[in-house]
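S.K.: What follows is the residue order along each chain.
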Amino acid sequence: AQSVTQLDSQVPVFEEAPVELRCNYSSSVSVYLFWYVQYPNQGLQLLLKYLSGSTLVKGINGFEAEFNKSQTSFHLRKPSVHISDTAEYFCAVSVIQGAQKLVFGQGTRLTINP
Amino acid sequence: EAGVAQSPRYKIIEKRQSVAFWCNPISGHATLYWYQQILGQGPKLLIQFQNNGVVDDSQLPKDRFSAERLKGVDSTLKIQPAKLEDSAVYLCASSLEGSALGGYTFGSGTRLTVV
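Residue numbers (our numbering), protein chains in the order written: chain A, 1 to 114; chain B, 1001 to 1115.
Hints were generated in silico from the structure; no laboratory data involved. Keep in mind that the hints are not guaranteed to be accurate.
Taking lysine-lysine pairs in the DSSO-like style, the calculated list, with each CA pair at most 30 Å apart, reads [said to hold, decoys possible]:
#, chain 1, residue 1, chain 2, residue 2
1, B, 1083, B, 1044
2, B, 1011, B, 1071
3, B, 1044, B, 1015
4, B, 1071, A, 58
5, B, 1015, B, 1083
6, A, 69, B, 1044
7, B, 1044, A, 49
8, B, 1062, B, 1044
9, A, 49, A, 69
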């Protein structure tokens, strides 16, 4: 079975500062990796995903993430955050073979302070 | 393309009552998922359909929860009777043939409050 651990439940940062949201996963088989964002009272929106190829993945809204197979990590980064980035961020995995479904981490609440 | 439609958006019921949620996936998406998101937690898969067949319902509390997708298109999730701990957002998602390559699209969810 797969599992995802998001190491920080809350991350407060100042506007225009860089941010890193950490994600580690556990799986005995190869996986795809995802980051989703959830704004208040809304559904989940895909930020980016790693399927194969380059380990540095760029997504929407200036976010990027790096897949590190040896450390089983998929940390999300943004060089300069805005107030509008305030949201809940979820890391998720999906197996490559078989019945594919998303397994989510607990989420990280990103709060941007002016 | 139209997104995943869910209704109602909000529902408040008393414990021991029953409730039903509806989901209409993106046209052509064979795979449909129901997730439960308790406040402060990540979404947890309740059930996965491939067309009108169940692929995975291992985490569905079958004594009170049921779901169907009779014609392989829209789906209904029911809770009967509801408990206080069922208060959560219920998210529906769909994908093309259950493939991560095609991506997963989520609806806005139904927020259930059990009092």
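S.K.: Holds or violated: are the alpha carbons of residue 1044/B and residue 1015/B at most 30 Å from each other?
M.R.: Holds. Residue 1044/B to residue 1015/B sits at ~22 Å (cutoff 30 Å).
S.K.: When you check the alpha-carbon spacing of residue 1083/B and residue 1044/B, does it fall within 30 Å?
M.R.: holds, 17 Å
S.K.: Does the structure keep residue 1071/B and residue 58/A at a Cα separation of 30 Å or less?
M.R.: Violated. Residue 1071/B to residue 58/A sits at ~38 Å, over the 30 Å cutoff.
S.K.: Under the criterion that the straight-line Cα-Cα distance not exceed 30 Å, is the pair residue 1044/B, residue 49/A satisfied?
M.R.: holds, 19 Å
S.K.: Keeping to a limit of 30 Å between CA atoms, is the pair of residue 1011/B and residue 1071/B held or broken?
M.R.: Holds, because 26 Å separates the two Cα atoms, which is no more than 30 Å.
S.K.: Residue 69/A and residue 1044/B: Cα distance at most 30 Å?
M.R.: holds, 25 Å
S.K.: Would you check the hint for residue 1015/B and residue 1083/B, treating anything up to 30 Å between C-alpha atoms as holding?
M.R.: Holds - the C-alpha atoms of residue 1083/B and residue 1015/B are around 5 Å apart, at most 30 Å.
S.K.: Take the C-alpha atoms of residue 49/A and residue 69/A, compute the straight-line distance between them, and say whether it is at most 30 Å.
M.R.: holds, 15 Å
S.K.: Run the distance test for residue 1062/B versus residue 1044/B: straight-line Cα separation, threshold 30 Å.
M.R.: It holds: about 15 Å lies between the C-alpha atoms, which stays within 30 Å.
Consistency note: the structure conflicts with earlier hint 4 alone.
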